[in-house]
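Quick mapping for you: the protein sequence lines, in order, are chains A and B.
Quick note on numbering: the numbering used here labels position 136 of the first sequence as 345, and the sequence is numbered without any gaps.
Quick note on numbering: the numbering used here labels position 265 of the second sequence as 474, and the sequence is numbered without any gaps.
If you're looking for bench data, these hints aren't it; they were derived computationally from the structure.
Possibly wrong hints are sitting among the right ones.
Intra- or inter-copy, both count: the list cannot distinguish identical chains.
Calculated pairs, DSSO-like style, for lysine-lysine (alpha carbon to alpha carbon, straight line, at most 30 Å) [what the hints assert, rightly or not]:
id, residue 1, residue 2
1, K230, K269
2, K230, K524
3, K222, K613
4, K269, K406
5, K269, K490
6, K613, K241
7, K524, K225
8, K230, K490
9, K225, K269
10, K494, K222
11, K375, K222
12, K524, K222
13, K406, K613
14, K269, K222
15, K406, K524
16, K490, K241
17, K361, K222
Fair warning: this is a prediction, and the values are worked out from it, not measured in the lab.
2 protein chains.
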Amino acid sequence: MQSDIEELENKGKAVKAASRKLAHLPTEVKNKALLKIAESLISREQEILDANRLDYDEAKAAGMDEAMLDRLMLDSSRLQGIAQDVRTVASLPDPIGEAFDARTLPNRMRIERRRVPMGVIGVIYESRPNVTVDISSLCLKSGNAVILRGGKESIHSNSALARVIKDAIHEAGVPQDAVQFIESTERELVSHMLRMKDSIDVIIPRGGEGLVGFVTENAVMPVLASGVGICHTYVDSAADLDEAVAIAYNAKVQRPTVCNALDCLLVHNVVAERYLPMIAKEWAKAGVEMHCDERALRILSSFNPAPASDSDWGKEFLALIAAVKVVDSLDEALEHIERYSSKHSEAIITEDYTAAMRFLEEVDSSCVYVNASTRFTDGGQFGLGAEVGISTNKFHARGPMGLKELTTYKWVIMGSGQVRP
Amino acid sequence: MQSDIEELENKGKAVKAASRKLAHLPTEVKNKALLKIAESLISREQEILDANRLDYDEAKAAGMDEAMLDRLMLDSSRLQGIAQDVRTVASLPDPIGEAFDARTLPNRMRIERRRVPMGVIGVIYESRPNVTVDISSLCLKSGNAVILRGGKESIHSNSALARVIKDAIHEAGVPQDAVQFIESTERELVSHMLRMKDSIDVIIPRGGEGLVGFVTENAVMPVLASGVGICHTYVDSAADLDEAVAIAYNAKVQRPTVCNALDCLLVHNVVAERYLPMIAKEWAKAGVEMHCDERALRILSSFNPAPASDSDWGKEFLALIAAVKVVDSLDEALEHIERYSSKHSEAIITEDYTAAMRFLEEVDSSCVYVNASTRFTDGGQFGLGAEVGISTNKFHARGPMGLKELTTYKWVIMGSGQVRP
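Using the sequences and the hints, build the whole thing.
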């Protein structure tokens with residue numbers, strides 16, 4: 210354990226030193242390194258898949274469930290996909306060096322904010338080995354060095370991937386120390402890592418609620434965390450009901466296991482009698498289970514819905530389940546959302562201009578929609594090109610986070626002898 | 210104590226509820242409230258100065274030193290100044306509602322980031338009562354509600370100022386609960402406040418290093434903190450030496466007690482023999498004490514300088530003292546800065562283009578200067594109109610923080626029936 214901490218401390222020092230070089234690399238060198246990573250993922254496929262097989266077999270023997278095993282598993286086609294994602298990152302514009310708020314002050318000093326990397330990003334993640342490549346490539350592109358701590362279940366896969374990455378960036382002229390992988394899976398190392406503020410500038414936790422919560426509570430450095438999505442769609446009295454069916458169907462069914470899927474459907478009472486059977490019929494075909502409040506229960510009695518319990522409000526289902534509630538007004542919908550949403554994504558379906566504007570103004574969530582599916586909350590869909598995660602915090606970044614959200618800025622002032630009067 | 214915590218919790222709930230209304234107030238209502246505060250500070254001068262007199266007398270009797278007493282003291286002219294600052298905040302553009310990155314996505318959804326308030330700002334501060342007004346007005350203008358916890362020494366002054374503010378905003382039609390002042394000065398309340406993440410979105414500590422450190426370590430919500438300034442000025446081999454004298458003189462002498470004043474002067478060896486006596490002569494007139502490394506000590510022997518001890522490097526003097534060191538190269542200067550600076554403000558004095566560009570690129574500080582005094586690091590000087598503080602962190606905001614840094618954004622998406630394919 211003592212030697213593990215020493216190794217961690219040494220890697221921290223090395224990655225910090227490398228970050229100073231990485232921050233000033235030309236875009237073409239960073240892109241060359243990224244393309245080299247993509248190439249090596251293909252050319253060293255066997256080495257990676259062999260390592261992944263070890264993890265897979267151990268996890269299976271230890272009784273890991275099918276869904277988790279599937280997340281852990283790599284094959285040739287998944288590696289191709291991962292490599293393609295790295296090529297996409299290479300093709301994105303480099304955020305570093307962008308100048309903004311640039312101007313000449315009254316005393317003729319030139320001033321600008323210049324976009325620069327954070328420095329060192331620490332990443333703590335669970336079973337999916339693709340995170341190793343995914344986050345490393347986003348950090349590299351944004352000029353950040355990275356220190357990775359993966360889960361025990363994918364240690365062989367992660368270790369192999371980190372080796373491939375380090376070799377590839379070295380060939381491209383990027384310091385190898387810019388990507389550090391922690392080989393030990395001792396649990397205590399995580400707590401130690403969360404206190405290493407001299408070598409880690411920002412921590413990104415990638416995994417379940419437990420991990421994210423632990424990191425957020427214990428890290429002494431800032432945390433860039435993705436939050437839980439408890440997403441509401443409100444069908445207003447003035448909604449186009451066919452559109453409302455298409456949107457609520459898409460929001461719940463298109464990919465129910467993700468954070469931007471619909472969890473709670475709110476329906477205005479003047480359209481509930483007509484609308485609820487319409488959506489219930491479509492949802493029934495897809496196998497969606499409805500947990501209804503009293504009024505919705507009565508309207509939908511022929512569909513045999515379940516009564517909602519208190520815990521159904523404010524619940525992220527991540528499954529083909531939706532809570533359904535009838536409300537008497539836009540105000541009641543807004544209050545329900547204020548109380549139960551996790552401030553991720555909410556939508557109103559309406560043709561009423563004032564209701565739409567009020568919803569956009571008053572709902573305090575990262576992403577607020579009129580007449581569209583909350584499933585669009587995604588870095589790729591929003592045109593960021595890549596996604597580090599979706600923040601439900603208000604500090605630094607909110608909603609989908611791309612490369613820019615891995616950066617900060619410095620003030621650059623070019624004078625000609627100015628002193629303060 | 211139990212009742213104090215209950216009061217704090219109740220104020221937390223009230224301020225959170227008020228923040229929802231405050232976020233949507235028109236600019237003209239917010240400005241009206243600000244102008245009303247300025248007016249009341251003048252019209253209720255006697256009430257405020259009487260309360261301040263109580264604090265002052267108690268502090269004096271308790272043996273508070275002159276400098277601290279001076280910070281605590283209010284008089285008619287200081288109140289005029291505080292009122293004028295509030296009028297300045299009223300005259301600034303409202304940051305709320307600004308749209309940025311607005312565009313139409315390929316599927317014809319309209320998307321924008323819209324600037325919105327954080328919600329509730331918690332402020333923990335020490336003796337200066339002007340912070341009560343200063344921060345309240347910045348929060349109000351940026352649509353944030355505020356909960357204030359001032360120091361024990363200025364409790365009567367703060368309480369009177371908070372009363373004046375609450376009455377003034379009420380008259381202007383702003384919910385009184387949007388400004389909450391904690392009357393109890395129990396120390397334990399601070400720790401409790403730092404855990405109230407359901408009602409406080411961001412914490413701002415205003416005071417000495419001890420307070421800022423405690424808040425940063427213990428708050429569970431994000432902290433917007435001003436950092437210590439250990440500021441370097443490097444006189445390059447290609448410096449215009451007269452300019453270098455004017456700038457180093459200004460950076461050290463114009464106001465030595467503030468964070469952006471010069472702490473360490475680095476001088477290239479090829480100009481040290483000529484430059485050091487020039488600056489030493491000027492500094493001597495102002496009473497600046499020099500703590501020199503060996504080479505500077507030898508060059509400046511006729512000025513009787515003190516030898517620098519190890520603790521002089523990386524020290525914020527806040528006084529007419531400067532550490533002085535001769536370096537052999539720009540690289541050595543950069544290394545020294547990397548090691549000892551607090552990442553606040555650093556300057557290079559040079560006529561060499563490449564040296565200037567390298568310094569701007571490689572120094573990882575909030576503000577980097579060529580040929581100008583670090584004393585310019587200030588929200589007002591940078592054109593922000595107002596200043597919340599100067600951040601030496603990299604997250605959310607860096608360097609001088611104005612109204613914009615008290616805000617976040619939400620993504621607003623206006624669709625016409627789009628669903629995710």
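Hint numbers the structure violates, sorted upward?
-> Violated: hints 1, 4, 5, 8, 9, 10, 14, 16.
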